[in-house]
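Listed below, chain by chain, are the residues.
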Amino acid sequence: MPEREQIRRTPAERPETSVDDAPQGSETGEKLKAELDDLLDEIDEVLETNAEDFVRSFVQKGGQ
Amino acid sequence: MAIRKICGIETEYGIVHRGTDDPNPITASSVLINSYLSDLNRSGGSALGVPQVGWDFEFESPGSDARGVAPIGSMPPEIETHLTNAVLTNGARYYVDHAHPELSTPECGDAFSVVTFDRSAEVILERSMLAADALLPDGQSIVVYKNNSDGKGNSYGCHENYLVDRALPFGRIVAEVTPHFITRQIFCGAGKVGSEIGFSAEEVPFQISQRADFFEEEVGLETTLKRPIINTRDEPHADPQKYRRLHVIIGDANMSEVATFLKVGTTAIVLAMIEDDWIKADFRFTSPIGALRSVSTDLSMSAALPLLSGGSITALEVQVHLLERAIDWTNHHGFDLVGTQAGPEILRRWGETLLAIEAESASLASTVDWIAKYRLIDGYRERHGLAWGDARLHALDLQYHDLRPEKSLARRVGLETICTKADIEKGTSNPPEDTRAYFRGACLAKFGSDIVSANWDSLVFDTGGDSLRRVAMMEPSRGTAAHVASVIESSQTAAELLDRLGS
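Chains A and B are the protein sequences, given in the same order. Counting in numbering that gives the first Met the number 0, the first sequence runs from 0 upward without gaps. Counting in numbering that gives the first Met the number 0, the second sequence runs from 0 upward without gaps.
One thing to keep in mind: the hints can contain errors.
Claimed, not checked - Using 30 Å as the maximum straight-line C-alpha spacing, the simulated DSSO-like pairs for lysine-lysine come out as follows:
| # | chain 1 | residue 1 | chain 2 | residue 2 |
| --- | --- | --- | --- | --- |
| 1 | A | Lys60 | B | Lys406 |
| 2 | A | Lys32 | B | Lys406 |
| 3 | A | Lys60 | B | Lys225 |
By construction, these hints were calculated from the structure, which means they are not laboratory data.
Chain B on its own, in the form it takes in the complex:
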């Protein structure tokens, strides 16, 4: 049976250290994050002050495989515990992963909340760039890009996470959500000039997805090579008897708020429908990777995708079916599991977007990243008489994702916004109120100096006694403001809080 779709996004950002002959992306990422943390500490005030809290890796197991046994030769991801790793008072984690700065949003209660915290993350990265530039020698600066590829075959991810019922067989997730991941590109692809798997600019001048070039398997544990459409990492960060965390590695990082909203919102509903066995269609493709790439390289969005059951179907037709089932599912189950405010809005925008794709896709230039980017780059190409493959077009592609407000092209193409500035600002330092992230963030803000480490499902306090005290948070729906705000507010010390919580 479907459960509440608590969800979040973790984004690895591209990073460029300018003005130095010997740039090191790991060092630059550390400088970026540490500069931000130092600035926060200097600015004082408990609500803003970031405690020097480390990440607790005790219960991390990224090598666990949802299929039970990892195939021989599969490579569990490495954990780099020595790198910069901070927990923020908004409940987010901000750290260096591989050679990129990465920010994981706190656990969010619905797609609106995810968009807000994803935008708050951008603001945190903007401030980090300013803080780093103030510390770096004259002539040097660090610039951050919210994209997924350098155009030279190197990719980095924007992963989504969704809470899923453990009782749902993993094989059904694979069979039923894969068609959504392959076809949702048409409205949540971020667009890319060219191809990184050997096709010429004539063959692939522009494609819908940043990431499609980098996927080679249907199912697997890897995230850095031979990437699979369905990632099997089994690391729920919650009660493993009750929950899975579906770790989605195939999405593009979106600059459009509406695109992020639809990416997360439609996927949350599709997963809830799978839990309730509501999809009622077999959209397994004969070649999932072939279908993924067909959709990405077909700007007309009409490619026929061959089905295992015979015949073929287009990406739009898959999406129309999923939307129709979603309307039916919400008629029976309401919107509680995906957000009573977000849910109807997801359906409305999903429907409008699919209608526009059918009728006049250029009208989506204010909501769909790849269409906004294509319009800009193709317009520039025509005006200057350039051939596809010209470096200036690749430059426009990269600069679309530049997070400096004065340089970002995405901020100039007229993308519709759905978050308020006030909510985005609030989200840089305050946690969501409707998940356990509230407990993490509120405790850090008030009792940060008593917390020695934190991770997704626990906080460890040092209240001066003989031993450290760990507070487990195995239920992502508990620890909300409704549950714990008053006890946190009325406790004078961390020890008093823990005593009253019975920890």
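In isolation and in its complexed conformation, chain A is listed as follows:
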């Protein structure tokens, strides 16, 4: 395996997620951003009206 990978950070004892690590675009970033804005405008109409109730009442029995 490439040497450079071995000096990367140590394996996570606890998760190391941060928003900074998230998928980022550059070249097509502006276009994607415009599309995302349109999408966010559009979904407002279909979102569950009471998010808190919806999330609280979404309880499933464990399956396989």
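Given chain A, work out where chain B should sit, using these hints.
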């Protein structure tokens, strides 16, 4: 030696019964499925009419362990034979499992076919919701979600099945396919807001996999608690001298067609390579569960995963190695075993996806579920100035998987499609033509009233004689349209068909 990778997907769907104070998910699942079956029967026409055929449990043995002896204390799964259980003319099984509606696709010949029948299953669930709502009292409805978790610690599965050569030692499967299951998340994870094993929203705001939180063992028989990365259920539903059915319980249910295609396609090739001893690398991790969770919670996809042999490796590096070996393997063996049409496409998309992960992963928002979902939810969060952990973000997560077309967020985020509408529609009632599912589906469509029960490897006919007649289907590659279409078409009755088949 590698054998043809016949494969399929079984999905347990989340279910919500709205408008009632006392929802019961088992009853709701039965209502959902029975409403669909009633609608089919009413619509008439032999090709669509679903015969009232029950599932035959005679040869089911989900407690059998591939390791030979089940460890003391392991719990074989229960079979609930009294619940709704139907076989469809597309060769699928549609039933209530635990407290969920479940649909198992028919056996498919390649990853393209699996994606098509997985999408056909979604259409069947959509129609089931409409049929149920028409029967339920005003104000009530049943809604189905194609996800794997309720966000409160309860999970339900999307299992894959692959036909594997019995001669391949099970220990080699464990050692060599586990690294693929741990690392393939980066392109087939469905994404999830938060964690269900005690981490705060600050620690894990969002993770790649729906299921990683629920796995605690490397190998085992369980599927409902202490879930193992490698499930040892030894129930081949085929000639047990020749075949295994690798029952894969670790995957997420995907909304993206490309993600399902890559999940199944890459795994089929990896398994064929293991059969041919083609992997040529030891990627056993010091802690498989630790590696699984590291990959799931590392959105940068660069976490170093410690190897038993020393050093460490990233998920992307494991995948690049597997892809390179796959190219080499197909150069030597061709694409026959994984599909001559699907095979080259698997390699092309696998390569493009890994390149994009290296270079600009945001460009995968049209093919990779977790990236599409992250982009949507993070964009919403920024626009409204919300903190991770806000209920509205969890709501978006759930609604991504809503199977009602008008409500599904996955259907609005611009996911690329690879199945045609015509093929998806065809798949709701017609079986694949290149596996034994063809025989099952075609017989049900034409002679359904003479079939008393069915399962994966047999059909039982009542042709009016003294005894029932069982037709065994122990070879998943036989019973295809090429083998039996003309004899089914030219037989006037089931008895004539069985006589001509020599059963």
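Hint check:
no., hint, result
1, Lys60/A to Lys406/B, "holds, 23 Å"
2, Lys32/A to Lys406/B, "holds, 23 Å"
3, Lys60/A to Lys225/B, "holds, 16 Å"
The structure shown violates none of the earlier numbered hints.
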